[in-house]
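Colleague: For the sequence shown, this note's numbering begins at 1 and goes up steadily by one.
By construction, these hints were calculated from the structure, which means they are not laboratory data.
Positions of the beta carbon are idealized from the N, C-alpha and C atoms, including for glycine.
If a hint is listed, it holds; no wrong ones were tucked in.
Simulated DEER-style distance windows between Cβ atoms:
{"hint": "1", "residue 1": "L362", "residue 2": "E286", "range": "31 to 37 Å"}
{"hint": "2", "residue 1": "A361", "residue 2": "T241", "range": "36 to 42 Å"}
{"hint": "3", "residue 1": "L335", "residue 2": "P240", "range": "21 to 27 Å"}
{"hint": "4", "residue 1": "R62", "residue 2": "T16", "range": "19 to 25 Å"}
{"hint": "5", "residue 1": "T16", "residue 2": "A314", "range": "44 to 50 Å"}
{"hint": "6", "residue 1": "R198", "residue 2": "L362", "range": "32 to 38 Å"}
{"hint": "7", "residue 1": "R239", "residue 2": "E286", "range": "41 to 47 Å"}
{"hint": "8", "residue 1": "L249", "residue 2": "Q41", "range": "40 to 46 Å"}
{"hint": "9", "residue 1": "L271", "residue 2": "C235", "range": "36 to 42 Å"}
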Amino acid sequence: MPPVAVFWNADPALGTPEFGAEVQAMAARLASALAEVPVYQGIAARDAGLAKAEAAADALVRRLSADVRAPDGDRLAAASPVEEYFRTRMAALSAPQAALQAVLVVHRGVTDLRSAPLAGSDLEYELTAMRQALVDLTGCTSTAAAEPSCADRQSDHPPSTSAPQAMWLARWITGHHIHALFNVCATSVLRKALSHVRAGAVREAVDHLRRTVVYVRGVPASRAHAAAMPADFYCEIVRPTMTPPIVSLPLSGRMHVGFLAWRDALEELLLVLPDPVDELARRAPELAFAREELLEADLVEAERHVCLAESAVAGARSLIQPPRSTENAVAVLRLMRHKRAARYAPFVRFGDQVAAAARKALTGS
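With the sequences and hints as input, model every part of the structure.
Modeller: In structure tokens:
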């Protein structure tokens with residue numbers, strides 16, 4: 001199984017580490033490689049691009065590991081059963097440690113993507129969010145990438161030929177590590193956007209909101225990556241591992257500290273910017289439309305979750321449903337989507353007015 005991935009608390013925000021020119025060049029090389037993967041071409045071209053990114057990530061991991069002390073994830077206590085199961089931890093990390101952890105996750109993710117049957121659009125969103133994490137956490141740019149050294153021209157690791165069952169189990173964890181990385185990065189960047197809004201720095205707020213969108217679009221892609229396995233294998237082998245007696249209680253994403261922090265940051269955005277879309281657009285159009293883009297991306301994330309669940313578990317019940325509940329997993333996720341759509345309706349131009357009206361009828365607000 002993949003090693004424990006250690007993430008950082010999004011608040012307070014990390015600074016940007018001051019890496020030397022060599023690390024910056026290597027990070028830029030990886031950022032460029034991620035951007036250049038031909039996601040809509042054939043299998044051979046796609047794998048060649050991913051192999052180049054894998055080699056660049058491997059080189060950067062080795063270089064950073066020589067200078068940065070990585071926390072021992074196995075020695076850190078899990079804050080919840082979800083952290084224990086998915087092999088994640090939250091800890092106070094320095095900016096260089098956070099950068100190393102992100103590159104480790106990206107490296108394992110890119111390696112697995114070489115054998116993961118992902119749609120081109122999902123691969124594009126996931127790689128773009130990986131690149132954004134690299135830029136945000138190392139301060140590099142991909143426009144000044146150096147020519148790779150001979151050692152970095154191609155990966156030493158061909159696509160995995162291990163038993164598919166072991167590969168799928170490892171992918172389930174690796175994909176969720178990428179998901180967790182995007183979550184904590186999105187929260188951190190959104191909190192910076194909120195600080196700029198409060199300070200009246202509209203241009204900076206818009207920039208950070210747009211960067212947050214990149215991560216949010218990467219979330220459903222990383223979830224599709226994690227679930228890139230046959231549905232019967234997921235239902236018969238993977239899903240039972242998330243229920244007793246394998247774990248102490250049925251697992252839910254709501255148990256994860258990083259997920260809760262992200263939802264709190266989004267709700268804070270609507271409290272800091274409570275104006276309906278038409279009112280905000282009249283005084284700060286770029287801010288209104290950047291907020292809208294983020295909320296729409298978050299709504300699509302919920303909708304993609306519904307579709308993924310249907311293909312994976314069909315009519316099965318949710319793991320966390322109480323016995324009296326009559327819904328199935330898809331219906332529970334669909335209800336979550338409707339609640340989110342109703343909450344966002346005043347803040348987007350093409351809101352779900354049906355969901356908003358139903359919520360108003362039920363709650364009177």
